[in-house]
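Q: What follows is each chain in one-letter form.
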Amino acid sequence: MSAGTESQSLESATTSIESQPDQKTRRYDRQLRLWAKSGQAALESAHLLVLSSSSTSTSILKNLVLPGVGQFTLLDRTITSPSDAGNNFFLEGLDSVGKPRAEEAVRLLLELNDGVKGHSIVEKDIQQVLSSEGESGVEWVKGFSLIIAHNLEKNALDQLSDLLWADFKSPPLVIIRSAGFLAEVFIQFHEHAIIDSHIDSTPSLRIDKPFPALLERSLAIDFENLDVTDHGHVPYVFILVRVLEEWKKSHDGNPPSTAAEKKEFKSLILNMRKKSDEENFEEAESQAYKCWTSTVVPSDIKSLFASSASSSNTPPHTKPFHILVKALEVYTSTVPPNTLPLSSTLPDMKASTKEYVEIQRLYKDRSVEEKNTFKGILANVIKEQGEDPNLIDDETIDSFVKNSHVLRLLSGKKWGWVDEDKAALTERAQTSSKQLGIHLALSALSSLHAKHAQAQATKQSQEGQNADFTPSLEELTAEAKAILPDGVELPEEDFDNAIGEAARSPTADLPNTAALLGGVVAQEVIKMITKQYVPIDGYCTIDLVETWTGVL
Amino acid sequence: MAAAASSSDWPGRYHHIDQILDKPGPRTDPGFLAGDGVKDFLRGQAKILVIGAGGLGCEILANLALTGFKDIHVIDMDTIDISNLNRQFLFRQKDVGKPKATVAAEFIMKRVPGVTVTPYFGKIQDKDEEYYMQFNLVICGLDSVEARRWINATLVNMVDPEVPESLKPLIDGGTEGFKGQARVILPGITSCYECSLDMLNKQTQFPICTIANTPRLPEHCIEWASVLEWPRVFADKKLDNDDPDDIDWLYKTALNRAREFKIEGVTWSLTQGVVKNIIPAIASTNAIIAAACCNEAFKIATSSAAFLNNYFMLIGTDGVYSYTFEHEKRQECPVCGGEALDLAISPELTLEQLIETLTERQDIQIKKPSLSTPTKQLYLQAPPQLEQATRPNLEKKVSELVPPSGEVTVTASTLPFSLSLRIAYTS
Ligand SMILES: [Zn+2]
Numbered sequence: 001m002s003a004g005t006e007s008q009s010l011e012s013a014t015t016s017i018e019s020q021p022d023q024k025t026r027r028y029d030r031q032l033r034l035w036a037k038s039g040q041a042a043l044e045s046a047h048l049l050v051l052s053s054s055s056t057s058t059s060i061l062k063n064l065v066l067p068g069v070g071q072f073t074l075l076d077r078t079i080t081s082p083s084d085a086g087n088n089f090f091l092e093g094l095d096s097v098g099k100p101r102a103e104e105a106v107r108l109l110l111e112l113n114d115g116v117k118g119h120s121i122v123e124k125d126i127q128q129v130l131s132s133e134g135e136s137g138v139e140w141v142k143g144f145s146l147i148i149a150h151n152l153e154k155n156a157l158d159q160l161s162d163l164l165w166a167d168f169k170s171p172p173l174v175i176i177r178s179a180g181f182l183a184e185v186f187i188q189f190h191e192h193a194i195i196d197s198h199i200d201s202t203p204s205l206r207i208d209k210p211f212p213a214l215l216e217r218s219l220a221i222d223f224e225n226l227d228v229t230d231h232g233h234v235p236y237v238f239i240l241v242r243v244l245e246e247w248k249k250s251h252d253g254n255p256p257s258t259a260a261e262k263k264e265f266k267s268l269i270l271n272m273r274k275k276s277d278e279e280n281f282e283e284a285e286s287q288a289y290k291c292w293t294s295t296v297v298p299s300d301i302k303s304l305f306a307s308s309a310s311s312s313n314t315p316p317h318t319k320p321f322h323i324l325v326k327a328l329e330v331y332t333s334t335v336p337p338n339t340l341p342l343s344s345t346l347p348d349m350k351a352s353t354k355e356y357v358e359i360q361r362l363y364k365d366r367s368v369e370e371k372n373t374f375k376g377i378l379a380n381v382i383k384e385q386g387e388d389p390n391l392i393d394d395e396t397i398d399s400f401v402k403n404s405h406v407l408r409l410l411s412g413k414k415w416g417w418v419d420e421d422k423a424a425l426t427e428r429a430q431t432s433s434k435q436l437g438i439h440l441a442l443s444a445l446s447s448l449h450a451k452h453a454q455a456q457a458t459k460q461s462q463e464g465q466n467a468d469f470t471p472s473l474e475e476l477t478a479e480a481k482a483i484l485p486d487g488v489e490l491p492e493e494d495f496d497n498a499i500g501e502a503a504r505s506p507t508a509d510l511p512n513t514a515a516l517l518g519g520v521v522a523q524e525v526i527k528m529i530t531k532q533y534v535p536i537d538g539y540c541t542i543d544l545v546e547t548w549t550g551v552l
Numbered sequence: 553m554a555a556a557a558s559s560s561d562w563p564g565r566y567h568h569i570d571q572i573l574d575k576p577g578p579r580t581d582p583g584f585l586a587g588d589g590v591k592d593f594l595r596g597q598a599k600i601l602v603i604g605a606g607g608l609g610c611e612i613l614a615n616l617a618l619t620g621f622k623d624i625h626v627i628d629m630d631t632i633d634i635s636n637l638n639r640q641f642l643f644r645q646k647d648v649g650k651p652k653a654t655v656a657a658e659f660i661m662k663r664v665p666g667v668t669v670t671p672y673f674g675k676i677q678d679k680d681e682e683y684y685m686q687f688n689l690v691i692c693g694l695d696s697v698e699a700r701r702w703i704n705a706t707l708v709n710m711v712d713p714e715v716p717e718s719l720k721p722l723i724d725g726g727t728e729g730f731k732g733q734a735r736v737i738l739p740g741i742t743s744c745y746e747c748s749l750d751m752l753n754k755q756t757q758f759p760i761c762t763i764a765n766t767p768r769l770p771e772h773c774i775e776w777a778s779v780l781e782w783p784r785v786f787a788d789k790k791l792d793n794d795d796p797d798d799i800d801w802l803y804k805t806a807l808n809r810a811r812e813f814k815i816e817g818v819t820w821s822l823t824q825g826v827v828k829n830i831i832p833a834i835a836s837t838n839a840i841i842a843a844a845c846c847n848e849a850f851k852i853a854t855s856s857a858a859f860l861n862n863y864f865m866l867i868g869t870d871g872v873y874s875y876t877f878e879h880e881k882r883q884e885c886p887v888c889g890g891e892a893l894d895l896a897i898s899p900e901l902t903l904e905q906l907i908e909t910l911t912e913r914q915d916i917q918i919k920k921p922s923l924s925t926p927t928k929q930l931y932l933q934a935p936p937q938l939e940q941a942t943r944p945n946l947e948k949k950v951s952e953l954v955p956p957s958g959e960v961t962v963t964a965s966t967l968p969f970s971l972s973l974r975i976a977y978t979s
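Those protein sequences? They're chains X and U, same order as listed. According to my numbering, the stretch in the first sequence is residues 1 to 552, in order. According to my numbering, the stretch in the second sequence is residues 553 to 979, in order.
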């Protein structure tokens, strides 16, 4: 694209005057500033399945209904008990007791946002859906955008996670377990690709590898004869490119490398000042490190090339990402100077308006050129792989190029993987003993609860099964130790602290713990659905006695 | 109170919380009174104050009510705006324009039977020490630094070592986007809000000369419209940030300037964001921080488990990263430290320049300060006669007014404390 058409787009961008924002934009203003219209659209087209209407589950849903998730379905047969009415904000005290809990919760949650649809299914539970309905039940579950399971009974959870893991096209499953002050959160997914990661990292200005127009412009400045005002307004990027170029001439083409050279380089910059208070030269001095920080492909992106190439069973939703990454790898290895495509965004710098607009234009034009080269390579990759030429739209390509220094690809793990992996358990017992303590305590609770429930199978309500579930410290200790490989032990204090809390409050869904989980899980769900920001990778364990979170 | 509270407590109501209150855990203080003693205190006697009924406040009120606090007071000076509805879940469209404190209190009382929430629609500065003395605990969910400094200093000042009940634990929360922090302040004992002032993000301030002469960013054009153009065009009409028509005028004015200078990116949303200094806010982050605050309140009120010592921060942008640490008390903290702050300045520095330093330094941040020494007034912002009388000092060198190692006391009308400086001169 030539400079001419670019300035046309400037024209059209600034001539269209926006009118005042509509009701919906005003309502969502504070969140649109985080995930923009694209994130909001993703959220609004999502349909969540939630497998309980506990206090924790309704807390999670509250934080998703408020920002405007499209739909949710609560699957729960529980009849509201007096204790539910005491700890769940989305029940109406004694008025809700005796009524289906999910129905009450859906009604009260929907009061938060007219734009959200909510459904309750109260005549069956997930185990019945998966077991009695067979394939159609499984397909129904897979049709949701994401599934949330809080304190789901162990057998049902294992069955669900197995079924979802068996198909790489399955939606993510968010698993939450909590008791009293302890909790853990895990997301089971096969692969999660993030273009707009919002990772705080500035792209290179390529001062050490200037593109032709930048070099030419920097060399053309006649510093000697500039008048004082203009001299104090030359952007630091031009100053650095110029000084570096001259330095290299007298140093075999190398940038400053020793501390003494770097000091000398900085004084060269400061000696160029005509007046002692020229801020642009001070800025150039403070940014001088950019001259000896070589612009290369960041190591995170290099390892992304490797992991993307080795990924098998790519689910349809990450396919375009892999193709884009492949094209980026080709781009960085074949197009000089073997860096990521140039970013068009320039930080603010001391300069006159005219100079700043000009340097902005130089960067913009060059970035458009490089993006076009990238698009050419991408078209080839798509062709080679026999994919649809329209597979990836321009908006996605723009965003990909813009974020090429902060891309992320997460390969998920199956729920329960750590319990099966002896090496990982042995290592975590030393490096993350507190986190592992919580995981073991919650695992012990859930397997003992499953045994207890089986023994009490005649009782209908979950309430009845919960009320007399009071495992002893000894039972919990034995159950937790059984998960660890032979000879592996946790520091006694970390183990006892976790097991002791679990024994104290085996079935407590505390309002504050529920509220905190409501926030943590909703953040993760938003990240998974919008494909913006980076979700947790592993088990996030939470201790609300000492108030910390830690990933296992 | 106790009798009224218990009559609404149906059997099983506190099944979940009672698992914690009926027996200690491995990390519970031996002084914990498991059973009826602690339940009676929590449900019958504890009186808690919530400052702010906004994003954090709504969450805090709901959590406290479910946890079993029955006597809750809430202060907020704001009314409900449509942009609150994406997170302040006690409010509905029909409530827009009504006081937050009142609507929030009514909602909680309707939803959680037996809880009394007493609202006050106004400023925290309207209330005196006697008022604050009635509470066992204070939780703050504010977005204003000024208000937090005020309540922090007020609670620190209230501590009387002879009267243990005069120490009111202050739990403070704050959020921005996916990030937030919660902390416990034991006034006079732990690090206080003022001790950590330098941890605040510095607000971007564009130099006036950039705004006036060399705009480069869309933000520069917007600042030009609001700071320079508005007062010029509407000499006697104050800009109302909440009036969409005013924002609209700024937007169009900024857009015209941007076009003139070929600057891209002025939008309605950016204009509003810059002018109102909008901080992104979402329900989920507020939920995390409010829950952390209320959990500390619960643990402090019941002694059922150790409480936070003393700072918890969480960042949810890249995984869930959190950091729990003990923030250290600052010996020269003007609120809780007692020691004078040593300040080395050039003997050439004028009083006016010293004042500018005090305004800008991240650990001081005192706007419109008045300065005096033990023997004379250096500069007073008010009343007008004294301002006029001390104004000539502004141009004088500090070294002419204050001897080496001399003490200067700095006060500001918005802050209920004074800062002592010990001045040294660099040679
Ligand atoms: Zn302090």
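Among the clues, some could well be false.
Far from chain U, some chain X residues (derived; all Cβ distances over 10 Å) [claimed, not checked]:
1. R27
2. Y28
3. N88
4. V138
5. E282
6. K302
7. D348
8. A424
9. G519
10. I526
11. L544
As a list, the in silico BS3-like pairs of lysine-lysine whose alpha-carbon atoms are at most 25 Å apart [claimed, not checked]:
12. K828/U / K434/X
13. K37/X / K650/U
14. K434/X / K575/U
15. K209/X / K266/X
16. K169/X / K319/X
17. K99/X / K650/U
18. K790/U / K731/U
19. K434/X / K481/X
20. K575/U / K24/X
21. K828/U / K117/X
Because the hints were derived from the structure by calculation, they are not lab data. Beta carbons are placed, not taken as given, at the ideal position from N, Cα and C, and that holds for glycine.
Q: Each hint should be assessed against the structure and marked as holding or not.
A: Cross-check of the supplied hints:
1. R27: violated (5 Å)
2. Y28: The claim breaks: Y28/X does not keep its Cβ more than 10 Å from every Cβ of chain U (closest is about 5 Å).
3. N88: violated (8 Å)
4. V138: holds (30 Å)
5. E282: holds (14 Å)
6. K302: holds (19 Å)
7. D348: violated (5 Å)
8. A424: The assertion about A424/X holds, with a minimum of 18 Å to chain U.
9. G519: The claim is violated: G519/X sits with its nearest Cβ about 3 Å from chain U, within 10 Å.
10. I526: violated (7 Å)
11. L544: violated (5 Å)
12. K828/U / K434/X: Roughly 43 Å separates the two Cα atoms, so the pair is violated.
13. K37/X / K650/U: Given that 25 Å is the threshold and the Cα spacing comes to 29 Å, the pair is violated.
14. K434/X / K575/U: holds (22 Å)
15. K209/X / K266/X: holds (19 Å)
16. K169/X / K319/X: Holds, at roughly 11 Å.
17. K99/X / K650/U: Since the Cα atoms of K99/X and K650/U sit roughly 33 Å apart, the hinted pair is violated (cutoff 25 Å).
18. K790/U / K731/U: The hint is violated at about 34 Å.
19. K434/X / K481/X: The hint holds at about 15 Å.
20. K575/U / K24/X: The given pair, whose Cα atoms are some 49 Å apart, is violated under the 25 Å limit.
21. K828/U / K117/X: Given pair K828/U, K117/X is violated - Cα atoms ~33 Å apart, limit 25 Å.
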